Every structure is written in structure tokens, then in C-alpha cells.
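Visitor: Here is how the chains run, residue by residue.
Protein chains: 2
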Amino acid sequence: QQESIGMVPGLAVLHVGDTKLSKSYWVSCGFVGIRSFVVHLAEDTTEEKTLECVSSFNDDPCVHGILVELPLPTHMDEHKILNAVSIEKDIKGFHPLNIGLLAMRGREPFFLPQTPKACIELLHRNNIEIKGKRAVVIGRSNTFGMPAALLLQREDATVTIIHSKTKNPQDITRQADIIISAVGKPNMVRGSWIKPGAVIVDVGISYVRDRNARYGFRWVGDICYEEACEVASAIITDVGSEGLLESDMLLSNTLTSAKRIHNFL
Amino acid sequence: QQESIGMVPGLAVLHVGDTKLSKSYWVSCGFVGIRSFVVHLAEDTTEEKTLECVSSFNDDPCVHGILVELPLPTHMDEHKILNAVSIEKDIKGFHPLNIGLLAMRGREPFFLPQTPKACIELLHRNNIEIKGKRAVVIGRSNTFGMPAALLLQREDATVTIIHSKTKNPQDITRQADIIISAVGKPNMVRGSWIKPGAVIVDVGISYVRDRNARYGFRWVGDICYEEACEVASAIITDVGSEGLLESDMLLSNTLTSAKRIHNFL
Chain A
1 QQESIGMVPG LAVLHVGDTK LSKSYWVSCG FVGIRSFVVH LAEDTTEEKT LECVSSFNDD
61 PCVHGILVEL PLPTHMDEHK ILNAVSIEKD IKGFHPLNIG LLAMRGREPF FLPQTPKACI
121 ELLHRNNIEI KGKRAVVIGR SNTFGMPAAL LLQREDATVT IIHSKTKNPQ DITRQADIII
181 SAVGKPNMVR GSWIKPGAVI VDVGISYVRD RNARYGFRWV GDICYEEACE VASAIITDVG
241 SEGLLESDML LSNTLTSAKR IHNFL
Chain B
1 QQESIGMVPG LAVLHVGDTK LSKSYWVSCG FVGIRSFVVH LAEDTTEEKT LECVSSFNDD
61 PCVHGILVEL PLPTHMDEHK ILNAVSIEKD IKGFHPLNIG LLAMRGREPF FLPQTPKACI
121 ELLHRNNIEI KGKRAVVIGR SNTFGMPAAL LLQREDATVT IIHSKTKNPQ DITRQADIII
181 SAVGKPNMVR GSWIKPGAVI VDVGISYVRD RNARYGFRWV GDICYEEACE VASAIITDVG
241 SEGLLESDML LSNTLTSAKR IHNFL
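Protein sequence lines, in the order shown, are assigned to chains A and B.
Using the working numbering, you'd call the opening residue of the first sequence number 1 and step up by one each time.
Using the working numbering, you'd call the opening residue of the second sequence number 1 and step up by one each time.
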């Protein structure tokens, strides 16, 4: 990156407490020429101290993307810490202002939330048309379903969101050209839910016990893979990928941020 | 209002230039005990001067709601002026941060945009259940369709947004328990588009020439009223109402704001 834009994009990762650090992000950084700054604070760090750390990342011109690892210790107000991240560096894209800009026509969000962005990217890379297609998103979480629906909407799909209060969801999915699911219910979407030729993106991951598997369990998606194979024209699944593409999207957001801050966009 | 919360809610209206002022808002103010402050600036006022006026409303403790009349003169940056309105007093609810909060589960917007709010209010007042129902919103404008869809979603409907790129929209509307339309295409939604017993809210308004009408034209909605009457169980239309309920919602937002600012919520 240094050659093309004259500076090194920087990703700051803030990790508080004893939970496992999702190593993949900053390990990948080195490979793509992004500098990573990892700060690890002890479990008993005060909220004030944590906010100071976020604030120093906000002010640091070498940092273009900030990632606060979740969950935070329970004595902290998660919203407060996350809202303290400067919107220009909030590469996760979950800030309400960013979500509002994503929802509005004619406005541009600072960042696209990584997992929905990865899904759309996968559809594009596989030359799957989105414009004018019926798309169904199963699940309406703030971190995936809702932003995924907004993104599909921006791509001119006709979008329906299915959720826990939806009656007869299979009647709706059966009309969809594209189904994106992220609820974490093993094998929920059966073959009979799918229109022949539809494209499925399965982001849901859960584990089920399996005595024959190496560790006594195995990962499964929301889609009943065996049945869907017979009906769908393509199935894109997160199971087994270990979130590599999402991690790429986060690094790509860091690069976008660096370019924007240094007027390369 | 003075008796119940000990102060008078204030609505400031900023009107720049020669376009017609939508009088109904501040005329209604007097009836419901809201104080109105109307500032009229000349067409050739500078952007800077206009921003100063917005800023003085932001700082004024007697003002709880701010309304910038649109359109502004063309030499001004509309986004810039609207974004200058303090989010706590932006009763129209169109600020991207407010829209983001509206889209997110577990978050609360400062204000509900008035026309979508009026629609939901009308459904509630007519005891029409929304939860678990199939709802279709026709049109995806920032000012109506998009926030209406988000509001229906918050009420646990299963929502589909139909727009100009949607193929065979009638196949989708025909499945809907609730249809809300706001596109401004006269008589677009025909009887055959409607499921028997569905509830229709028609917010679209356009005018068509009619030699027999008093002024040579008449107002019509998006719904072909004559045909819809035969199929739908209820039709709520804006035509002829002169936006009275929307105006009420704006005043209700001003009151909400005053209560919030003075800790009555």
C-alpha cells in the first residue's frame, strides 16, 4: 500500500479482558501491508481508562480503522464504548449514523458492515445478478440481517425480511431468487423452502453434537445442505471458511478509510 | 401543556425565500398550546446567515422542535442546512442518525418521521393488527417509503419494499395484508393487485386534469379507489385530508421533545 498511496494504513485492535482475541484480523494485516496496533487491557480496567484508549486511537493519524473486540467486560457500557469510536474510523460500520446513511437513498455510508459486504461481494464475484431479483433475508439482527437487507435494497433487489414473528416463512422463501440466512438454526431451510434455481447464501453457523466427528460436534449452517443441493443453483456457505472473507472486508474497510482520510477517494 | 409539564413547548419554523409557507403547522400550534416562532428570511439570504439562524434555534431553550421549510433557495446546500439542526430538535426525524436508530433493534429514534408515524397511528386507531402480518410498502423514498418500512418492521410485520425495479409488483401486493403506497402514480394499484380483505393506506397524491372539476383538475391517490373498494376491507387515504394528521404528528413530536429535554419522559 505504501507505494500506491504513500502511506501505511493502520488498524487498531482494542481487546479488554480474558476472552479469546480473534487473531485472524491482525495476523492477516501483515500480508496485505496494513500496520496493526493491538492493545490488550486487563479485565478489571475501568470504563474511563478504556474510553481514553479509544480516544487516543481516534486522534492517532497512523490509525485508520478501529476495532473493539466484543464482548467487553460486564462492568462496562458497551454502547458507550462503541459510540466513542470516531465514525470515520469505525470500520465495523455499526454506528447508527453509518446505518442511517446506508438506509438512505443518495447518501453514502462510511463503511459497509463486513459480513453483509462479504455476501454481496460473493454474489458479484459469481456473476449473480441482484438488480430486480426477489431477495429474502432470514433474520433481522443489527449486525447482519438488517444491514444485509439495506445493502440488497441499494443493489435494487426487491427485499423481504423474515423473522421470528413471520408466519409460514417457507411461502416467502419459495418465491425468492436469492435467500440469505443468518439465524443460527441448524438445517432450518429445507429443500421445500427453495425455488428451483435459487441462489442461497448461508451465514448462520451453529454446532450440533456428532459422536463421529473429531471433537464430538460439527458446525452446521441454517440451510439443510443435502436437500438444498438438489434444488438451488448455487449455495455459498460460511461453514468451514472461518470467516476469511469477512476478515478481508474489514481490512478493505481500513484501506478505504486510509484513502479517504488522505484524500485518495 | 403548561399545566401538565410546567412549561410551554416551542416549535420554530424557518422559512427562506418566496415559496409558499405551509401554514397549517404553526396555525395549529395555538390550538394545542404550543408556542410557534416563525422566522422568514429573504430569498437572497446567504447560507452562512441561514446557518446562524438554525444555530440560534438550537441554542434557544424555548425551542423544542425545529422545522426548516423546503425547498430552500438553490444557492444553498440543503443537506448542510438540515444537518445543522440539532438532532434533539429535528422533529422531522430525517437526520441519518435518527434513521439509523430507527433501523436498529433495541435502539430508540429521537423522533418518528411524521407521515409514516401518522400511517401507523391510523392503523392502531382502527384496531388493525400489524404484528405477524405481511406488509408491502410501495415506494422507497427517504421521506416516506423507507422509514415506513422500518416502522412496520419495528411493529413485527413481515415487510417487502416494492420499487421501480421490482418485477410483477402485483404478485407481491396480492399477498399483502397491509399495503402502504406513496409513489404518486394515479390509480396504479388496481383491484386485481389486492388480496380480498387487505387494508390499504394510500399516501400518494397526484393531480389529474378533469374538465368537470372546479379548477380543471382533481387530486387522486395511488390506489384505484373504485376497484379497491370492492376488494379491500379498509382504505385509508390522504386525499382530501390536507395532511392534517401529519401536521398533528409534527406537533406531537415537538411535545415529545419538550418532555425529553425537561426530563418528563
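In short, the hints are calculated from the structure, not lab data.
Check before you lean on any hint, since a few could be wrong.
Stated by the list, open to error - Straight-line Cα separation of at most 20 Å, EDC-like style, residue types lysine to aspartate or glutamate; simulated pairs:
| id | chain 1 | residue 1 | chain 2 | residue 2 |
| --- | --- | --- | --- | --- |
| 1 | A | K165 | B | E129 |
| 2 | B | K80 | B | D59 |
| 3 | A | K165 | B | D59 |
| 4 | B | K167 | A | E108 |
| 5 | A | K167 | B | E155 |
| 6 | B | K165 | B | E155 |
The model shown is predicted, which means the values in this text are computed figures rather than measured ones.
Visitor: Against this structure, judge whether each hint is valid.
Guide: Evaluated hints:
The straight-line distance between the Cα atoms of K165 of chain A and E129 of chain B is roughly 13 Å, inside the 20 Å bound, and the hint therefore holds. With a C-alpha separation of about 18 Å, the suggested pairing of K80 of chain B with D59 of chain B holds against the 20 Å cut-off. Restraint check: the Cα-Cα separation between K165 of chain A and D59 of chain B comes to about 43 Å, which exceeds 20 Å; the hinted pair is violated. Taking the CA atoms of K167 of chain B and E108 of chain A, the gap is near 26 Å; set against the 20 Å cutoff, the hint is violated.
For a cut-off of 20 Å, the pair hint linking K167 of chain A to E155 of chain B stands: about 14 Å separates their Cα positions. With a C-alpha separation of about 26 Å, the suggested pairing of K165 of chain B with E155 of chain B is violated against the 20 Å cut-off.
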